[in-house]
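S.K.: Chains as they are written, first to last, in this note's numbering: chain A, 1 to 201; chain B, 1 to 197.
Simulated from the structure, these hints should not be mistaken for lab results. None of these values were measured; they are calculated from a predicted model. Even glycine gets a Cβ: it sits at the ideal position worked out from N, Cα and C. Just so you know, not all the hints are guaranteed correct.
What the hints assert, rightly or not - Derived Cβ-Cβ restraints for the label pairs, each shown as a range:
1. A:G84 x B:S155: 42 to 52 Å
2. B:K117 x A:M147: 40 to 50 Å
3. A:S10 x B:K158: 34 to 44 Å
4. A:P165 x B:S155: 32 to 42 Å
5. B:E152 x A:P165: 21 to 31 Å
6. A:G84 x B:E152: 23 to 33 Å
7. B:K12 x A:L69: 20 to 30 Å
As the list claims (entries may be wrong) - The list that follows gives simulated cross-link-like pairs (lysine-lysine, DSS-like), each with its CA atoms no further than 27 Å apart:
8. A:K42 x B:K172
9. B:K158 x A:K32
10. B:K172 x A:K104
11. A:K162 x B:K193
12. B:K84 x B:K66
13. B:K172 x A:K32
14. B:K191 x B:K175
15. A:K42 x B:K117
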Amino acid sequence: MSRNRVIQWSTMARTWWLFDSKYQCPFRSAEKICMYLEGRHKPLYHPLSDVGDHVVVINTKHVAMAEELWRKHSFDYDTRFAGGKSRTTAWQLHDVDPTKVMHKAVYRAGPKNLLRPTLMRRLHLYPDERVPSEVLENVTDVIRQIMVVPRSLDSYTEEELKNFPILFDWPEDHILYKRPPPGEPAEELTGNTKQQAAKKK
Amino acid sequence: MGSSTIPSTFLKNIAQNGIGRHVCQLQRLTLSLCKSHPSSAAARKFVEDDLLDFTKGNPGIVFYVKPRRHRAPVLTAEFLNGYKEMIDLTRCTKEEIAQWIGLMRGRSGVQIMRIRKDWHTDTPSIQGMWNPFMFKDTKLNVTDKMDKSLSEYISKYKSASQKLIEMKKLQKQQKELEQPLKESTRVIQEKKKAASH
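Required output: the full structure, derived from the provided sequences and hints.
M.R.: Printed below as a string of structure tokens:
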């Protein structure tokens, strides 16, 4: 029975989680992160007991927003004095501090009571993958992402591109746009150049 | 009266009475009533009509009748465990008094309280107390936490390009299967030709 006393320490211990926010919606991932900050993922959760965990969020610089949200989503504040209203769009805020959008999203998803500031203290935000080792050594588990990270064309290898199924053939006179090597301006593809290319042939 | 003012307790098992033989937990009943006041009319009627029948049927219960001048009729029940309960019998009919007495006779003598939890167990956990590492994959101990395989989203559905790549793979496999077949048929035809010549 003396072991039970020690088991209880690990039961109530705060664990550290890692979340990769690359190409993730900040608002939807904030809901998931908040679950861990409040301790709602634990079977012993109770709103009156303080059982929340730490969450380390990396790649906040690369959070993704749907459609026009970077331009249209705004963070508003009003000092209640004349002219005290302020409106900052998401892209502006992201420009100033790449962790701020995630911070505000989690703050909004958190419980609307006096526990919220202490919960936010347990959220550790990093704009990229560089995390101090004294923080990273505490991490024991990883929170799964909520969305598929899209693959860019550059990330495919030469072999993968070669073996990719071809659904149809281009017509012979179709001119494919070729991406210029970095540093050189793109070649203008007007009607004249097309004719010139045909003549040369 | 709010629920918080009612005394509360946790559920416990006290229903052992009657497993061997039943022992009536009601020890003593005291009915105090006025001889003249109209509020005690029903109590007087009960004493006149039903009291003797009750005492004959329940020899284990002591029944006192206390005349109290110009007081409201009150029934006091005392139990074996020392619990005592008083019931005001004003505006009660004779039948209702009999019902109250019947209720007291059947009770265990434990005070009726609000139960905070409607379940109770002597063994709170057989599998052991939960801890953050319970049912965790041991792979976590040896993998780098920055590894993509841990954080990657697992989709229920395949993407369109993934389906295409799989279809192409299938086609390729089928072609490879068909080729040796064709060759074998050619060999058989040649043999047939040779035989006919």
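S.K.: Evaluate each hint against the coordinates.
M.R.: Now the hints, each set against the structure:
{"no.": "1", "hint": "A:G84 x B:S155: 42 to 52 Å", "verdict": "holds, 46 Å"}
{"no.": "2", "hint": "B:K117 x A:M147: 40 to 50 Å", "verdict": "holds, 41 Å"}
{"no.": "3", "hint": "A:S10 x B:K158: 34 to 44 Å", "verdict": "holds, 40 Å"}
{"no.": "4", "hint": "A:P165 x B:S155: 32 to 42 Å", "verdict": "violated, 20 Å"}
{"no.": "5", "hint": "B:E152 x A:P165: 21 to 31 Å", "verdict": "holds, 24 Å"}
{"no.": "6", "hint": "A:G84 x B:E152: 23 to 33 Å", "verdict": "violated, 45 Å"}
{"no.": "7", "hint": "B:K12 x A:L69: 20 to 30 Å", "verdict": "violated, 57 Å"}
{"no.": "8", "hint": "A:K42 x B:K172", "verdict": "violated, 49 Å"}
{"no.": "9", "hint": "B:K158 x A:K32", "verdict": "holds, 24 Å"}
{"no.": "10", "hint": "B:K172 x A:K104", "verdict": "violated, 51 Å"}
{"no.": "11", "hint": "A:K162 x B:K193", "verdict": "violated, 43 Å"}
{"no.": "12", "hint": "B:K84 x B:K66", "verdict": "holds, 17 Å"}
{"no.": "13", "hint": "B:K172 x A:K32", "verdict": "violated, 43 Å"}
{"no.": "14", "hint": "B:K191 x B:K175", "verdict": "holds, 25 Å"}
{"no.": "15", "hint": "A:K42 x B:K117", "verdict": "holds, 21 Å"}
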